[in-house]
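Engineer: Kindly produce the complete structure, drawing on both the sequences and the hints.
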Amino acid sequence: MNITLDYLRGRRTWVVPNFVVWGDWSLASFLLLYTEIGETSKRVMLARNNLGGLDQSVTFETLYDFRGNQLPQTINNPKVMVMPKNEVNCFVVGTETETGFRIARFSGSEKTGLADLMIVEMG
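Its first residue numbered 33, the sequence shown is counted upward by one per residue in this note's numbering.
Among the hints, erroneous ones may be present.
List time: in silico EDC-like cross-link candidates among lysine to aspartate or glutamate, alpha-carbon distance up to 16 Å [as the list claims (entries may be wrong)]:
| # | residue 1 | residue 2 |
| --- | --- | --- |
| 1 | Lys111 | Glu130 |
| 2 | Lys111 | Glu128 |
| 3 | Lys111 | Asp56 |
| 4 | Lys143 | Glu119 |
| 5 | Lys117 | Asp148 |
| 6 | Lys143 | Asp56 |
Everything labelled a hint here was simulated from the structure, so no lab data went into it. For clarity, every value in this text was computed on a predicted model and none was experimentally measured.
Structural biologist: In structure tokens, the structure reads:
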């Protein structure tokens, strides 16, 4: 037996074709510096905040694969890969959860994104 082939075949995989991405990432990104001075401690904190934008929340149960099968409600440790089908670049925002993910297109494009999604259960 081939251990690598068994490993790859043991993972559940779905391909969702022609997914429309309308969510917008952000209008501006700011780097902020916070300082806190107390009686017993002094702190400097650095943060990046995004202003504007509206990412798109997607749950797995609302998606259908290329065969017309509905995806399960939960996927154990999912990984979503975005394969663009037009000139608009799209990406997954943050990390995926067991029930869904957030996706957005880069700011600056007025068109909606069109992409195929490949969702793999990493186990």
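Engineer: Does the alpha-carbon distance linking Lys111 and Asp56 stay inside the 16 Å limit?
Structural biologist: Cα-Cα ~21 Å, so violated.
Engineer: Taking 16 Å as the top limit, are the C-alpha atoms of Lys111 and Glu130 close enough?
Structural biologist: holds, 10 Å
Engineer: With the threshold set at 16 Å, check whether the alpha-carbon distance from Lys111 to Glu128 stays at or below it.
Structural biologist: holds, 7 Å
Engineer: Decide if the proposed pair is consistent with the structure: Lys143 and Asp56, CA atoms, cutoff 16 Å inclusive.
Structural biologist: Roughly 10 Å separates the two Cα atoms, so the pair holds.
Engineer: Assess, step by step, whether the Cα of Lys117 is no farther than 16 Å from the Cα of Asp148, and give holds or violated.
Structural biologist: At roughly 7 Å apart (the allowed maximum being 16 Å), Asp148 and Lys117 satisfy the hint.
Engineer: Would you mind confirming whether the straight-line C-alpha gap from Lys143 to Glu119 stays at or under 16 Å?
Structural biologist: The given pair, whose Cα atoms are some 9 Å apart, holds under the 16 Å limit.
The earlier numbered hint that this structure contradicts is number 3, and it is the only one.
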